[in-house]
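> Residue 95 in the working numbering sits at position 95 of the sequence shown, with consecutive numbering throughout.
Derived by calculation from the structure, the hints in this document are not laboratory data.
Mixed in with the good hints there might be a few duds.
What the hints assert, rightly or not - Quick list of simulated restraints, FRET-style, between CB atoms:
1) ILE85 to ARG140: 27 to 37 Å
2) THR79 to ASP167: 25 to 35 Å
3) ASN2 to ASP155: 39 to 49 Å
4) TYR75 to GLU139: 12 to 22 Å
5) SER158 to LYS99: 38 to 48 Å
6) GLU103 to ARG62: 33 to 43 Å
7) VAL153 to ALA105: 32 to 42 Å
What the hints assert, rightly or not - Subject to a maximum C-alpha distance of 25 Å in a straight line, what follows is the list of computed SDA-like cross-link-like pairs (lysine to any residue):
8) LYS99 to GLN61
9) LYS131 to GLN61
10) LYS99 to ASP89
11) LYS99 to THR86
12) LYS131 to ILE146
13) LYS99 to ASN2
14) LYS99 to PRO143
15) LYS131 to GLN84
16) LYS131 to ARG6
17) LYS99 to ARG13
18) LYS131 to ILE85
19) LYS131 to ALA107
20) LYS99 to SER82
21) LYS99 to PHE154
22) LYS131 to ARG104
Computed from a predicted model, the values in this text were never measured in an experiment.
Ideal Cβ positions, reconstructed from N, Cα and C, are used throughout, including at glycine.
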Amino acid sequence: MNPSGRLPVTFPRDGNQLPRPAMTYPSVTTSNPGEPLRGGVFHVDYNIEGADVGYRWFDRQRLSPLFPFGYGLSYTTFTADSLQITQQDEQLHASVVVKNSGERAGATVAQLYGRRIDDPGQTWRLVGFHKVMLEVGEERTIPIGIEPRCLAVFDPASRNWQLTSGDYQFRHG
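Take these sequences, add in the hints, and give me the full structure.
Written as structure tokens, this is what we have:
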């Protein structure tokens with residue numbers, strides 16, 4: 001048995017890495033909107049992160065968390081390289097060569113992150129993953145499906161998610 005789970009959240013290094021709410025209207029209460037301020041009640045804007053929630057917040061702020069999204073431990077070690085991206089019938093496909101370089105059999109999760117290069121505001125997003133079990137020394141090319149909606153951006157004018165044309169960058173994690 002070998003643990004191979006990955007974190008679905010990000011753990012900050014300390015409290016200073018967490019977003020802070022903005023007190024935009026300190027003279028208005030939140031419990032009774034429109035009422036005058038009585039004794040330290042204030043309005044707090046909790047929409048700090050916008051769409052960049054969790055690991056994307058840390059990426060945008062260029063912070064190094066204690067345990068990042070997707071982090072996990074194992075009793076063995078793995079290497080991953082030779083990332084390939086191909087396109088067939090307007091569908092993107094990825095593959096990465098994963099090798100169990102440790103001393104015992106184990107499972108790992110190959111993760112693929114993507115972003116549009118010409119959009120400096122876009123953070124790395126998880127666009128696909130694949131769990132694989134490998135014996136000691138075993139090396140395998142792992143297919144990773146790329147979910148197009150994970151690369152899409154919301155267009156307020158059309159009220160729809162759209163995959164915009166342009167150059168995209170991918171990395172495995």
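> Going straight from one Cα to the other, do LYS131 and ARG6 come out at no more than 25 Å?
10 Å, holds
> For the hint 38 to 48 Å, verify it against the beta carbon of SER158 and that of LYS99.
For SER158 and LYS99 the Cβ distance comes to about 44 Å; the hint holds.
> Evaluate the given range 25 to 35 Å for the C-beta pair formed by THR79 and ASP167.
Once the Cβ atoms are compared, 27 Å apart, the range 25 to 35 Å for ASP167 and THR79 holds.
> How does the Cβ-Cβ distance of GLU103 and ARG62 compare with 33 to 43 Å: does it lie in that range?
Check passed, 36 Å falls within 33 to 43 Å.
> Holds or violated: LYS131 and ILE146, Cα atoms, limit 25 Å.
14 Å, holds
> Given the proposed pairing of LYS99 with SER82, does the C-alpha separation stay at or below 25 Å?
Cα-Cα ~11 Å, so holds.
> Is 39 to 49 Å respected by the C-beta to C-beta distance linking ASN2 and ASP155?
Since the Cβ atoms of ASN2 and ASP155 sit about 44 Å apart, the hinted range of 39 to 49 Å holds.
> Does the alpha-carbon distance linking LYS131 and ILE85 stay inside the 25 Å limit?
18 Å, holds
> Does the structure keep LYS99 and ASP89 at a Cα separation of 25 Å or less?
Roughly 30 Å between the alpha carbons, so the hint for LYS99 and ASP89 is violated.
> Holds or violated: are the alpha carbons of LYS131 and ALA107 at most 25 Å from each other?
7 Å, holds
> Does LYS131 pair with GLN61 here, judged by a C-alpha cut-off of 25 Å?
29 Å, violated
> Tell me if the straight-line CA distance from LYS99 to ASN2 falls inside 25 Å.
OK: LYS99 and ASN2 at ~16 Å, within 25 Å.
Comparing the model with each numbered hint stated earlier shows that hints 1, 8, 9, 10, 17, 21 do not hold.
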